[in-house]
Amino acid sequence: MALLEIDHLTVRFGGVTALDDVNFTVDEGEFVSIIGPNGAGKTTLFNVIAGVRQPTAGKVRLRGRDMHGAHPARMSHLGVRRSFQVARPFRSLTVNENVRVAAAGQRILYSQRAFALRGRDRVLNATVESLLAQTGLSGSRRRRAGELNIGELRRLEIARALAGNPDVLLLDEPAAGIGADGLRPLVGLIKAVSAGGLTVLLVEHYVGLALSLSDRVVVLDEGHLIANAAPDEVRHDERVISAYLGKSASARDEERSSTSAETQPSDLPGPQSPPLEPPSTKRAP
Amino acid sequence: MSYIVVVAVTVAIYAILVVSLNIVVGYVGQPNLAQSVFFGIGAYFSAVFSTRYHLSFWWTIPIAFVIAGAAGLLLGAISLRLREDFLAVTTIGLNFVVVAVFQYVAFFGGAVGIYAIPLPSIGGHVFTNNDFLIVALLMLLLTVGTSAYLQRTWFGVSLFAIRDDEQAAASIGIPIASYKVLAFVLSAAFAGMAGSLYAPFMSTVTPGSFGFTESVVVLAMLIFGGLGTIRGALIGAVILGTLPEAFRFISNYRLLTFGLILLLMLRFQPEGLLGDGSLIVRGVQRLWHSMRAPRSVMPGKDGISHGAP
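The listed protein sequences correspond, in order, to chains X and U. Residue 82 in our numbering sits at position 82 of the first sequence; the count goes up by one each step and never skips. Residue 106 in our numbering sits at position 106 of the second sequence; the count goes up by one each step and never skips.
None of these hints come from the bench; they were simulated from the model. One or more of the hints may lead you astray.
Distance ranges between label pairs, derived from CB positions [what the hints assert, rightly or not]:
| id | chain 1 | residue 1 | chain 2 | residue 2 | range |
| --- | --- | --- | --- | --- | --- |
| 1 | U | 129 | X | 146 | 31 to 39 Å |
| 2 | U | 266 | X | 69 | 35 to 43 Å |
| 3 | X | 14 | U | 137 | 54 to 62 Å |
These numbers were taken from a predicted model, which means no experiment stands behind them. Don't be surprised by glycine CBs; every beta carbon is placed ideally from N, CA and C.
Isolated chain X (complex conformation) (with noise of 0.2 Å):
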């Protein structure tokens, strides 16, 4: 069984359809990157999965159960984690509390101890540790979110949704708004989590970087799902290129990630080979 089902997904609003029928699943383990252009419907099919917004028909099954209705502090408990577009952070909490609360979870919250003093956990503490270690926030955890550079908001937003021990990761748009400088770390985190055998669903604008994390590509047009495919397929599928990249930019964009994928499939791309666009370049193909 497919650990996650969305299963003939459509939504609309008034009488514009931002999803239609969209049909594709995600098994244990996997990365699943979600691409297409701008309006294609790629964040309102997270937030769907999310619970922020209920579909006008069609379902969305965690571990084949149906997860109509249920909100997102639900899906949150149930190990779906989500990062946001744009950066939300607790501005007023330290780095280490927001990554606290947010591994206080449903366990700690919704039980008498949420009126105990926070400070004495030490599963807890350690959990915490690990994770602003593992997000390279570990020197910063006394300083203020709202005090942050976007680089650093981007790790600890992934912190906080790791730090519920999720089933299922959602983030979206990673790398959006960060330069060159601090998408480095940022991908090295992102592959850890899913080498760790974390399942991860990607929705990325950048698509030489969902290319080269994920192991299939899902693309959205205008609310279809036009491919459902591994990398190399979709980056020679002739309705994504037509639909997505256009000739042109496919061209010098297959070119870009062939670079990446290949000569170092597993690193960012070295000084020498072309870098990473940062994302905001490549908004409007």
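Fit chain U to the supplied structure of chain X, relying on the hints for placement.
Relative to chain X, chain U alone:
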């Protein structure tokens, strides 16, 4: 002397209202212009139970606490359905509804209110103003203690998370609805407790004492002192509570003065007098660091000693 004690009791009661209001407005970030409603509910039920049912003052305290808390449950439930700006308007409306109920329902004594509320006594000793002050300070201590404790709990940090970003809070599984309601309940319950002291202290309760203006005054004290912090809530209540007593002319133009202070504060120092990041707090922090730094002999990482010479 007695006059100062009376002022001190009044300020302590205000302080309870401001510190408890801070749980909703400061911690969870929900606008609430109805704190005097819960204060009034506490005062009225305390008055009704002590005059009509001859219940002891000591029993009216928990009764006022529970009934005001139940009223807070209602407001909390409303708040879940409303956006913040609509919530603000709704809480304003609540003042007028509740005052009208006090005014027109015979059970609450109608327009004349309830008078001849007996003085509390303990072991045969009838309360003097000094005793009122002791009880007021004990109640304030309980309110401050609870507030400070909450900040250190998981519940408290979750409230801050909700204030900072509700969607993100939901995404990590914080039970937003029940936590918000609980914050309203606690805030209202402590205001009700203050009411149970106010009634016998004044010996009468009238509908006019708990209107919208009182709610605004309490919120003004909180914003003036510094939203979100207990020290801010306390200093706001103390300064704005004593100002009209210290300067007669302020007493005559109390609302005008408060309104002006509020406007200036929001324009030039929205953190309040002692809120996090306010001029005074930052100044004290800087002073503290510069006093501590010279003690360290070792230069900083960059080889430069950061201490003042």
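Taking the hints in turn, this is what the structure says about them:
Range check, residue 129 of chain U to residue 146 of chain X: Cβ separation about 46 Å, and the 31 to 39 Å hint is violated. About 41 Å separates the C-beta atoms of residue 266 of chain U and residue 69 of chain X, a value consistent with the hinted range of 35 to 43 Å. Roughly 59 Å separates the CB atoms of residue 14 of chain X and residue 137 of chain U, a value that falls within the hinted 54 to 62 Å.
Comparing the model with each earlier hint shows a violation of hint 1 alone; every other hint is respected.
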